[in-house]
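Asks: Now for the letters of each chain:
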Amino acid sequence: MEQYRKLLPTLEKLSTDVYEMLTHALSEQGIYVTAIERRVKSEKSLAGKLELKGAKYKTVDDITDLVGLRVITFYTDEVDKVAAIVKRLFDIDWQESVDKRKLHQLDAFGYNSLHYICRLKEGGPRFEIQMRTALQHAWSTIEHDIGYKGAVKLPPEFRRQFSRLSGMLELADDEFARLRITMTEYRRQMESLVKSGQLSDVLLSAETFRSYLELHPFDRLNKRIAAVNQAEIYPVSMMSYLPVLESFGLETLGNLQTFIDENSDDAYQLALSQLAITDLDILSSSAALQYLCLVYVLKHDGGREGLKAVYDTINGKNDANGMLADMMLEQAATLSFMQRKLEGEK
Amino acid sequence: MEVKIQEQDGNMVAILSGRLDTAAVPNTEKAMGPLYECEKQDIIIDCTDLTYISSGGLRIFLSILKVAEKKGEHVYIKGVTDNVRAIFAMTGFINIFEFK
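For the record, the sequence lines run as chains A and B. Each residue of the first sequence is one higher than the one before, counting from 629 in the numbering used here. Each residue of the second sequence is one higher than the one before, counting from 2 in the numbering used here.
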């Protein structure tokens, strides 16, 4: 214990240094983890360990986990990536290191993690780095809480329940990793389809809408509207319009492109009727999309409520949106597309 | 065009009165200077007595918003008249600001 007390400042510095080296290396490699925990073993905890297994330890250097860090990843495949980084950063004591993921007996319960006993390349005390997934960590915490490792041997039916739960979590971990790969492939496919213009095969979603916006599909109409007053176009996000487009029943990017093509002329007319009598020379880059949505509502008998719903969706529910809807309805009444609609209804 | 700046409940409030037309823009921008410099405070632009806003006025609001967003602060626009709200709507800026 005396050796421990003398070593304590070194151990605390070691804990900080290793933590910083790991954090920096993971960040550089673009690996995001849920947590990196660290601790220097407390005097009380060490005393407990020595009481249980004191004969095993001759000096303080025999104890490998005076400094311990735990890296908790999202996915099971990232545990090996973190391990590769740890191997690069530190010297590994392979005699003492354990891959507890490979240790299970078929009837054993609890699945654990990868434990490396390490040393800084320039020497110094050893330290332990545990690497595990969030689910493995949850399991470990729960089984610690339940105390299954306690002195009392559990009956077979409890052991079986633990085993089943452990198996379920292991399955979930594997499935999360598989799902992530599938989703990444799907995203790549969709991006490729969008770039190649095969829009009818791409379902409308936040991700695909974002990719679609990179093609600047509203630029032409925006420029046409801006030309009314030689307006500057100020870039803004258009994501708040996605629920509006979905409410119109647009299911694919192909539908969205058709929506733009079929309504652009009328959207321009509506914008012109509003802006031509002003000298407003700055417009949001969402102006074209806004006018397209309003025209769509008008042409599909959405009326005041439909127009108000558009404003409520993009701007938040507000009684004042009713005023905007009334204003829009009044101004649109004389436009050719509304006249055509009325003629058609006769 | 009058601009009054004051602190209220931990927020920075700018009370605008009159017409924020093109001619009023330079003085208004100068008067609203403290809104660019505030730290860890949300900004409220009280437009209850603002009867008109020009493109120049919109540009002032947008630049205040840009600076505030970088600092993680909110900009709220309060008490907008129908006329001024219509200008935000027709220029497509209706959903860029938070209206109170």
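Calculated from the structure, these hints are not laboratory results. Misleading hints may appear alongside valid ones.
To give an idea of the chain A side of the interface with chain B (calculated C-beta under 10 Å), a few residues [as the list claims (entries may be wrong)]: (1) M649; (2) H652; (3) L680; (4) N850; (5) L870; (6) Y896; (7) A899; (8) S912; (9) S913.
Subject to a maximum C-alpha distance of 30 Å in a straight line, what follows is the list of computed DSSO-like cross-link-like pairs (lysine-lysine) [claimed, not checked]: (10) K945/A x K101/B; (11) K681/A x K101/B; (12) K945/A x K31/B.
From the three backbone atoms N, C-alpha and C, an ideal C-beta is built for every residue, glycine too.
Asks: Would the stated hint for L680/A survive a check requiring a Cβ distance to chain B of less than 10 Å?
Replies: violated (50 Å)
Asks: Hint S912/A vs chain B: min CB-CB distance below 10 Å?
Replies: holds (3 Å)
Asks: Using the nearest Cβ pair, does S913/A come within less than 10 Å of chain B?
Replies: holds (8 Å)
Asks: Between K681/A and K101/B, is the straight-line Cα distance small enough, at 30 Å or below?
Replies: Given pair K681/A, K101/B is violated - Cα atoms ~66 Å apart, limit 30 Å.
Asks: Min Cβ distance, A899/A to chain B: is it shorter than 10 Å?
Replies: holds (8 Å)
Asks: How about H652/A: closest beta carbon in chain B under 10 Å, or not?
Replies: With a minimum Cβ separation of about 25 Å from chain B (threshold 10 Å), the hint on H652/A is violated.
Asks: Please verify whether K945/A and K31/B have alpha carbons no more than 30 Å apart.
Replies: Violated, at roughly 34 Å.
Asks: Taking the closest Cβ pair, is N850/A under 10 Å from chain B?
Replies: At 9 Å from the nearest chain B Cβ, N850/A passes the 10 Å test, so the hint holds.
Asks: Per the CB criterion, is M649/A less than 10 Å away from chain B?
Replies: violated (30 Å)
Asks: Holds or violated: is there a CB of chain B closer than 10 Å to the CB of Y896/A?
Replies: violated (13 Å)
Asks: So, as I understand it, the hint says L870/A touches chain B; can you test that by seeing if any CB pair is closer than 10 Å?
Replies: violated (12 Å)
Asks: Would you check the hint for K945/A and K101/B, treating anything up to 30 Å between C-alpha atoms as holding?
Replies: Holds, because 11 Å separates the two Cα atoms, which is no more than 30 Å.
In summary, the structure is inconsistent with hints 1, 2, 3, 5, 6, 11, 12 from the numbered list given earlier, while agreeing with the others.
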